[in-house]
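Visitor: These are the residues of each chain, in order.
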Amino acid sequence: MSNLFDLLVAGLATGAIYALVAVGFTLLWQTSQTINFAQGEFVMLPAFLMLAAMHVGAPFWLAIILGILLSMILLGLAFKLLLVDPMMRHGVLPLAIATMALAIGIKEAVKQFFSAEASPFPSIVPTGDISILGHAVSLQSLGVLVVAILAVLGLTTLLNRTSLGHQMQAAAQNPTVARIIGVPVERMILLTFLINAFLVALASLLITPIYLAKFSSGEVLGQAAFIAAIVGGFNQVRGAIAGGLLIGVLDNLAATYVSTQYRAAVPMIFLIAVILFRPQGLLGRAEERTV
Amino acid sequence: MKSTLLVGALLTAMTATSALAQAIKLADVAELSGGGATVGTNWKNGIDLAIEEINAKGGVLGRKLEVTHADSQSNPGVARAQVQKALDAEPYVLLGPGYSGSVKVTAPLAAEAGIAQIMGGEAAELTQAGNKFLFRTSFGQQSSMPKVAKYIHDEMKAKTVAVVWVNNDFGRGGRDVVVKELDRLGSKVVADLSTEAGQADFAADVGKIKAANPDAVFVYLNEEESARILKELKRQGVTAPLMGETTLIGQKVIELAGDAANGARGHVGLTTDAPVDLIKAFREKFSKKYNYVPDHNGLKGYLAVYMVKATTEKMGKVDPKKFADTLHGLTIKAADEPGILMDVTFDQNGDIDRQSFLVEVVEGKQVVKQVLPKLK
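Chains as they are written, first to last, in the UniProt record's numbering: chain B, 1 to 291; chain S, 1 to 376.
No lab work stands behind these hints: they were computed from the structure. Every residue gets a Cβ at the ideal spot worked out from N, C-alpha and C, and that includes glycine. Certain hints may be false.
[Said to hold, decoys possible] Estimated spans, in silico, between C-beta atoms of each pair:
| hint | chain 1 | residue 1 | chain 2 | residue 2 | range |
| --- | --- | --- | --- | --- | --- |
| 1 | B | Ala265 | S | Lys180 | 27 to 37 Å |
| 2 | S | Tyr290 | B | Ala52 | 16 to 26 Å |
| 3 | S | Lys288 | B | Pro86 | 26 to 36 Å |
| 4 | S | Val362 | B | His55 | 22 to 32 Å |
[Claimed, not checked] Only pairs whose alpha carbons sit at most 25 Å apart, straight line, appear in this in silico DMTMM-like list of lysine to aspartate or glutamate:
| hint | chain 1 | residue 1 | chain 2 | residue 2 |
| --- | --- | --- | --- | --- |
| 5 | B | Lys111 | S | Asp71 |
| 6 | S | Lys333 | S | Glu53 |
| 7 | B | Lys111 | S | Glu53 |
| 8 | S | Lys208 | B | Asp129 |
| 9 | B | Lys111 | S | Glu255 |
All chains should be modelled from the sequences, with the hints used to inform the complete structure.
Guide: Here's what the structure looks like:
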């Protein structure tokens, strides 16, 4: 039983990170119909930016800030202006393929400039245990959970409680009408790209101490987050959060109770089941868009 | 004027080609990227260092050594294609790959071409297929695992053991031998966990170890995965002593796992921390040239080149056909060939006999606790 508790905590911690990445997926999809297949690489890159900052002598806290800022410039602003905007005119599919190319580009660039080998990455949470309900829970899992929950809470507050959030939602739901009533749609779309970049940088900071900084570490993450987003509902932020947590827990339970060899297959089978029986996702609504 | 230039250019070209014809060509195929990048990069650097040294002293039988490096991307399929390409250029000896799976699929190609292959793989089965051209640079699992099992049973006094292994040729080979040996000695395997190569998340596997509550844990994974599981073992507070092989306590693992590597123990065929003067000197030269401390794969690459040198000098000529025959049954003494670092004997299968070490990680450093002598 204590084993199950440990598994749930570990699964939720990993799932929370998947959720952050999956939320970014859905945000980009909702506001600009961008399916970002480079999302996993977007999580891998900020860790290397932070490592680079530390390499030139910055302390860890400064490296984190620099890494997040640089990520927002590169993976938010530059990504939108240089890749999404020019490709968007050609439709959703060419854009999706362009993001796949970007994923390969980022991976190879990191391999070239850093190294093909994994590097260690410091943790923002100290190692150690605390006792909850008689169970030893690692501070690292707990820290990951807390930071991820705070980020998600902050995001939902922004979206639901502020004028800015309402404008973003309006821009996402019906850009034409939003434009007529005076919402700066372009700026709102840019904002979602920046938020996505912030979320992936945060995910990078949380997951890299566990997974190690490696050029290929985005592959697994991107796939897990993509599945999470579809399972939860591609057009709902809360769906992506639920999907992320679910996939994290499912993955850990599958590894324990099914087999490590088939752990990767279980979320996939779950994904197929969702697509067959509830194509809009667990919490999603049926797609109204024509694109 | 023009014709003088032309003649000059032709002459230069001719001298260049004749110098090339003189050089002894080696081909290396290694894991320069992908999961085995640590292995392959160390191996390659070891080779380059040895060749630089040998050439600086006039080469082998007066001829310079030359090597081409190809990247297997840690993928057996790519390794096979690269080895085929390397063999087409008719090298004197083939070096690499380091991963057992890649060695397994490439060894038949080298054997068919009649070219000796000196590799880094440690899976037991590699030298048991009757291949007459394959040579190890380190212990095979059939030599190292019995020593490991004996240590777990005799010294750690473990009655119950959890065995974690990576589901590839290397992991499966080691797991089979160690489980058999533990069983024979009377230590019970209470958890037998297979994990995937490149696996990032070990929370579930460590959860299972915790649930089995063993007296000792035997960890047999590749370097990066070893680092990840060490961190997870620490994170979940597993206190049972950890035993492994070279891949659990290597330099790269210590660098990646940090504190979590402390206390882990491993049987090591080769270590740059060995209390052997020649190895200390090697470590110094390597660190100076590459700015980092090599792991055992750096030693393996270095030894591979000196195996070529010693065997060729024994033959007294550069003869790729006779190379394998000469190396079988050969004993190379460090007193005669310092580059070989420790006395070593090759048997008819290409397996080696050499002294080995028992190492523990203490405060981020490999500390040799015992020296286990050469068998014969």
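Visitor: Is Lys111/B close enough to Glu255/S, meaning Cα to Cα at most 25 Å?
Guide: holds, 19 Å
Visitor: Going straight from one Cα to the other, do Lys111/B and Glu53/S come out at no more than 25 Å?
Guide: violated, 30 Å
Visitor: Taking 16 to 26 Å as the stated bounds, is the beta-carbon spacing between Tyr290/S and Ala52/B within them?
Guide: holds, 21 Å
Visitor: Look at the Cβ atoms of Ala265/B and Lys180/S and judge whether their distance stays inside 27 to 37 Å.
Guide: Since Ala265/B and Lys180/S have Cβ atoms about 30 Å apart, the given range 27 to 37 Å holds.
Visitor: Does the structure keep Lys208/S and Asp129/B at a Cα separation of 25 Å or less?
Guide: holds, 18 Å
Visitor: Holds or violated: Lys111/B and Asp71/S, Cα atoms, limit 25 Å.
Guide: Given that 25 Å is the threshold and the Cα spacing comes to 14 Å, the pair holds.
Visitor: Could one say that the CB atoms of Val362/S and His55/B fall in the range 22 to 32 Å?
Guide: holds, 28 Å
Visitor: Given the hint of 26 to 36 Å, is the C-beta distance from Lys288/S to Pro86/B inside that range or not?
Guide: violated, 50 Å
Visitor: For the pair supplied as a hint, Lys333/S and Glu53/S, confirm whether the alpha-carbon distance does not exceed 25 Å.
Guide: With Cα atoms ~19 Å apart, Lys333/S and Glu53/S stay inside 25 Å; holds.
Hints 3, 7 from the earlier list are contradicted by this structure; the remaining hints agree with it.
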